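Participant: With the hints as extra help, turn the sequences into a complete structure.
Single-letter residue listing:
There are 2 protein chains.
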Amino acid sequence: MGHSKTMLFGASALMLSLLWPWERMYSEEKITPIVRLAELEIDPAQLEQYKEFLEEEIESTTRLEPGVLTLFAVSLKEDPNQIRIFETYVDLAAYEAHLKTPHFIRYKEGTRNMVRSLRLLETDTIRLGGANSKR
Amino acid sequence: MGHSKTMLFGASALMLSLLWPWERMYSEEKITPIVRLAELEIDPAQLEQYKEFLEEEIESTTRLEPGVLTLFAVSLKEDPNQIRIFETYVDLAAYEAHLKTPHFIRYKEGTRNMVRSLRLLETDTIRLGGANSKR
Chain A
1 MGHSKTMLFG ASALMLSLLW PWERMYSEEK ITPIVRLAEL EIDPAQLEQY
51 KEFLEEEIES TTRLEPGVLT LFAVSLKEDP NQIRIFETYV DLAAYEAHLK
101 TPHFIRYKEG TRNMVRSLRL LETDTIRLGG ANSKR
Chain B
1 MGHSKTMLFG ASALMLSLLW PWERMYSEEK ITPIVRLAEL EIDPAQLEQY
51 KEFLEEEIES TTRLEPGVLT LFAVSLKEDP NQIRIFETYV DLAAYEAHLK
101 TPHFIRYKEG TRNMVRSLRL LETDTIRLGG ANSKR
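These protein sequence lines map, in sequence, to chains A and B. Be aware that the first sequence starts at 1, since it is given in my numbering, and climbs by one per residue. Be aware that the second sequence starts at 1, since it is given in my numbering, and climbs by one per residue.
Mixed in with the good hints there might be a few duds.
One copy or two, it doesn't matter: identical chains are merged, so the pair holds either way.
[To be verified] Derived lysine-lysine pairs resembling DSS-like cross-links, with alpha carbons at most 30 Å apart:
| hint | residue 1 | residue 2 |
| --- | --- | --- |
| 1 | K108 | K77 |
| 2 | K51 | K100 |
| 3 | K51 | K108 |
| 4 | K51 | K77 |
Quick caveat, the hints were computed from the structure, so don't treat them as lab data. Model, not experiment: these values are computed from the prediction.
Facilitator: Listed below in structure tokens is the structure:
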């Protein structure tokens with residue numbers, strides 16, 4: 001049992017470092033992932049369809065692209081046609097690869113006429129703090 | 001070894017569900033965490049001091065408040081005085097508790113004269129997609 005417990009502890013520590021990749025990179029390897037913010041305004045008449053495209057795109061990205069760390073999408077309560085997406089990528093290559101995936105292209109082309117405006121903001125990371133992270 | 005491997009697999013699955021609390025709540029328990037966006041403009045002359053307060057506040061929150069799932073803070077490259085914070089809380093009680101913590105009050109009072117504008121946006125979650133999550 002002592003051996004199993006040691007292995008479990010080791011496995012837990014490994015999972016911890018694997019599952020919070022931005023924490024790992026941010027605090028240990030001193031590599032900062034790329035964060036981008038997307039601010040969109042959607043045609044109100046097509047909002048539900050737009051959200052279906054977006055959810056499907058996020059689901060595929062999450063499943064297929066380990067280099068995409070977060071795609072957190074919300075709408076503003078004060079104006080539900082306003083969408084905000086908090087996007088985190090391991091590095092620039094992961095971002096560029098994401099733009100070429102079939103699921104992203106499907107989303108981009110499928111929603112072209114639904115998007116009234118799109119603002120893509122590049123950022124510098126101050127700190128990405130998450131619960132359960134170890135420092 | 002067969003037994004150890006089974007335990008390792010079990011431990012890995014457990015860690016996975018524990019370490020991505022929003023995924024767990026979002027996809028299994030059907031509880032959606034609260035997401036808020038903060039948009040701030042900081043006095044350029046006090047930007048470095050402001051960021052020190054913010055980093056310290058995020059570090060304390062991450063360490064002390066398991067109900068705060070993310071405090072992801074970035075500045076815009078096009079205007080570094082513009083700060084964006086993506087805040088995720090387990091529930092409303094966690095948000096309200098956060099506002100009463102000594103570290104938040106210290107941040108809030110310490111930065112009062114550094115913040116030129118603050119916009120707090122309530123949101124509805126569309127999807128919080130993260131790498132390595134299981135659905």
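Participant: With reference to the structure, classify each hint as holding or not holding.
Facilitator: Each hint tested on the structure:
In this homomeric assembly, K108 and K77 come within 30 Å of each other (Cα to Cα) both inside a single copy, at 24 Å, and across copies, at 24 Å. Proximity of K51 and K100 under a CA criterion of 30 Å is satisfied intra-copy only: 21 Å inside one chain copy versus 35 Å between copies. When the C-alpha separation of K51 and K108 is checked against a cutoff of 30 Å, the pair qualifies only within one copy, where the shortest distance is 12 Å, while the shortest distance between copies is 35 Å. In this assembly of identical chains, the alpha carbons of K51 and K77 lie at most 30 Å apart whether taken from the same copy (15 Å) or from different copies (28 Å).
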